Amino acid sequence: MTLDLVIFLISSVVAVFGATMMITQRNPIASVLFMILSLLAQAVLYIQLGALFMGAVLVIVYAGAILVLFLFVIMLLNLRGRESLGQPSPPISLTVKYALAVLFVLELIMVVKSSFSSDVFADAGNPGVMVMQTDNFGAVNDVAVLLFQRYLYPFELTSILLLVAIVGAVILAQRSRDDDGPVDAASSGESEGKAAE
Amino acid sequence: MIWPIASAELLPLFSYLYELLESTGLPQPWLAVVVYTFLAALVFGVLSLLALFLVWWERKIAAHIQQRFGPMRHGWHGWYQTIMDAVKLLQKEDIRVATRDKTVFFWAPVVCFVAAFLAYVTIPFGEGLIVADLNIGILYIMAVTTFTVISLLMAGWGSNNKYALLGGMRSAAQVVSYEVPMVASILVVVLFVGSLSMVDIVQAQAGGIWNWYIFRLPYGPIAFCTYIIAATAEANRTPFDIPEAEQELVAGFNVEYSGMKFAMFFLAEFVNAFTVSAIAVILFFGGWHGALLPSWMWFLGKTFGIVLLLMLFRWTYPRLRVDQLMEFSWKFLVPVTFANIIIAAWFKYAGWYW
Chain L
64 MTLDLVIFLI
74 SSVVAVFGAT
84 MMITQRNPIA
94 SVLFMILSLL
104 AQAVLYIQLG
114 ALFMGAVLVI
124 VYAGAILVLF
134 LFVIMLLNLR
144 GRESLGQPSP
154 PISLTVKYAL
164 AVLFVLELIM
174 VVKSSFSSDV
184 FADAGNPGVM
194 VMQTDNFGAV
204 NDVAVLLFQR
214 YLYPFELTSI
224 LLLVAIVGAV
234 ILAQRSRDDD
244 GPVDAASSGE
254 SEGKAAE
Chain F
97 MIWPIASAEL
107 LPLFSYLYEL
117 LESTGLPQPW
127 LAVVVYTFLA
137 ALVFGVLSLL
147 ALFLVWWERK
157 IAAHIQQRFG
167 PMRHGWHGWY
177 QTIMDAVKLL
187 QKEDIRVATR
197 DKTVFFWAPV
207 VCFVAAFLAY
217 VTIPFGEGLI
227 VADLNIGILY
237 IMAVTTFTVI
247 SLLMAGWGSN
257 NKYALLGGMR
267 SAAQVVSYEV
277 PMVASILVVV
287 LFVGSLSMVD
297 IVQAQAGGIW
307 NWYIFRLPYG
317 PIAFCTYIIA
327 ATAEANRTPF
337 DIPEAEQELV
347 AGFNVEYSGM
357 KFAMFFLAEF
367 VNAFTVSAIA
377 VILFFGGWHG
387 ALLPSWMWFL
397 GKTFGIVLLL
407 MLFRWTYPRL
417 RVDQLMEFSW
427 KFLVPVTFAN
437 IIIAAWFKYA
447 GWYW
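First to last, the sequence lines map onto chains L and F. Counting along the first sequence from 1, when you hit position 121 you're at 184 in the working numbering, and nothing is skipped either side. Counting along the second sequence from 1, when you hit position 150 you're at 246 in the working numbering, and nothing is skipped either side.
Fair warning: there could be bad hints in the mix.
On the chain L side, residues computed to face chain F include the following (Cβ under 8 Å) [what the hints assert, rightly or not]:
#1 I92
#2 L100
#3 A126
#4 G127
#5 I129
#6 L134
#7 F135
In short, the hints are calculated from the structure, not lab data. Quick caveat: nothing in here was measured; it's all calculated off a predicted structure. Virtual Cβ for every residue (Gly too), placed ideally from N, Cα, C.
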């Protein structure tokens, strides 16, 4: 049993444990913290593959930025696991759920199986297929070439999509503020007025 | 499977230990485990001593700025005052609030403490004195320091106290806002070095004081100023210490912590201050480069200089209000750092740098 295998086993068990605990916890704070744990273990797996950059980016973007905002919002909403389970789902939606779950598992099996067949690796010229590079996989330079040269157009489109989401969120927040009347201090109102101009 | 840590540079002392262990016939992977455990213990010990020293130094500087003497009773000018404080904190009763969130309350100081020490994997204390020269060095430090904010949020939430929660909230809002100008100022240096590795960044500044990035006019000094402002905020130090503003929040996120758990937050705060100063030295002041003296002395001396700057900030500036803090980051620092990146990229493209 090599050291690599020991580290791989520990981190993969922690990753699966964190993901399972995340969906089974009633307390939303605990869910977010378990998700951070799972992401950390996944970052270790990336680093073991030699993709140091991917591991670091996973930690910075998810654990550092997105999940901190999640925690922030959940704490502000003050959900303390007190809310009831709600009405049981009607049987039709339950069947739809199970059908979708089975479909998803089948899809997962097919993707995993196809990624191990040699045909995919042979078709390196096809832009729709993920190409596995063994020697420099996940290095900063490689990721940059893929993002800013080969897939520049879809990458920029994604950023515009995110911008649309941000603008939408700002508009939604502003409308709800008008309904409630003036809420905040003068300073924030003034700054928003400037931004609107 | 590739294991990148195996290619790390070892300290000269530990290459000796490595050979010694190898002669006993220990198998290769466990050899690495033993050597890295020793390395971790060494780094941990040195940093704990440094943190104890920094606490004493901060108290003395604060006292002299306020025309007091500060600690004077234990030894010459109270030099072992903080050791006595640590012993006292170890013996204190561990008071736990009955309404706390048990697991989160317990793990918050642990996460804070570990996150503070993780950064030292890639910080070179001198020529060859680095645990592992990762090719993503500076990015790795950015990644592991984000856990500090998660630990502060955990502490605020787990305490089940409205002041603690508010402190955790403020800390999250502050760190998320100031991370943007901090990373953007670091990017200016990374742009010129063309590498994220800490050793490469230091070696790019070899050959005299004028090769340090602080003297690369005009973007070098600007990047340093924006970095040190953002780093002060990241380390939660005054004038950006609103997460633990005494007048408003009692003691902020650590109000319910006592004894050793409080000491862990406290030590982590000083280790973080040392980390951001060390990064400033590596990025802008040539790291270990210097004449005559050994490289680790230069590195420590320069880093203590930056720590002194942070301490002078702390005891001479008043604390910012929450809204001022946010406006300063988003309306001043972020535009300035982005403009600075564009200027630096232009210089690099035109080949005007020297």
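Evaluation of the provided hints:
1. I92: 6 Å, holds
2. L100: 10 Å, violated
3. A126: 6 Å, holds
4. G127: 3 Å, holds
5. I129: Violated - the Cβ of I129(L) stays beyond 8 Å from chain F, reaching only about 10 Å at its closest.
6. L134: Nearest chain F Cβ about 5 Å off; hint holds.
7. F135: 5 Å, holds
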